[in-house]
Amino acid sequence: MDYNKFEQYPFEDDDEFKAGLEQILSNPGVDKTDVELKAKAFFFQKRTGEVIDLDNYLKWKQEQEGQEGTQASGTTDTSTEEPVRLSYAEVIELITSGKPVPGIRDIPSVVLGTEASSEPKAQQRKKPWEQ
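First residue of the sequence shown: 27, per my numbering; consecutive thereafter.
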């Protein structure tokens, strides 16, 4: 996947993107940076038809920034993080204490207004016993 095309897309000039993002960000309790990235991926797919996997994109972006950093400093970072392995009891303890569980993505609860939904155009189908 060529993420450079996604990076270079002119989101600032896309009025439809700006209007949609404004509407989404008007909801309280929304993580603005995360939602903005997801909105960019959605509109990029809508415009170009290319699907952006955000997890892979973020990894790619970190690699790009890491390459720029190593080119500037001339050193390489060889440290790798291993995934955290927790027992069932540790996971339960984290959940009951309200702490975040490592490795679990936080999905924001975004509620779209009624103006974002469309009106039904097809007639409602009859139930089998109504036929």
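Since the hints were made in silico from the structure, they are not lab data. There's no promise every hint is true.
[Stated by the list, open to error] Computed list of lysine to any residue pairs in SDA-like fashion (alpha-carbon distance at most 25 Å, straight line):
1) K31 to A67
2) K72 to Q93
3) K64 to V136
4) K125 to E141
5) K64 to E48
6) K44 to A67
7) K87 to Y114
8) K125 to E48
9) K87 to V61
10) K147 to I133
11) K72 to D41
12) K64 to D41
13) K72 to E62
14) K58 to W86
15) K44 to G55
16) K58 to E141
17) K85 to F68
18) K72 to G92
19) K72 to D57
20) K152 to V136
[As the list claims (entries may be wrong)] Distance windows between CB atoms, simulated:
21) K72 to A148: 16 to 26 Å
22) Q157 to N30: 52 to 62 Å
23) I118 to L63: 52 to 62 Å
Backbone N, C-alpha and C define an ideal beta-carbon position, used for all residues, glycine too.
Consistency of the hints with the structure:
no.	hint	result
1	K31 to A67	holds (12 Å)
2	K72 to Q93	violated (30 Å)
3	K64 to V136	holds (12 Å)
4	K125 to E141	violated (35 Å)
5	K64 to E48	holds (13 Å)
6	K44 to A67	holds (13 Å)
7	K87 to Y114	violated (33 Å)
8	K125 to E48	violated (31 Å)
9	K87 to V61	holds (17 Å)
10	K147 to I133	violated (31 Å)
11	K72 to D41	holds (14 Å)
12	K64 to D41	holds (17 Å)
13	K72 to E62	holds (15 Å)
14	K58 to W86	holds (21 Å)
15	K44 to G55	holds (19 Å)
16	K58 to E141	holds (21 Å)
17	K85 to F68	holds (18 Å)
18	K72 to G92	violated (30 Å)
19	K72 to D57	holds (22 Å)
20	K152 to V136	violated (33 Å)
21	K72 to A148: 16 to 26 Å	holds (23 Å)
22	Q157 to N30: 52 to 62 Å	holds (56 Å)
23	I118 to L63: 52 to 62 Å	violated (32 Å)
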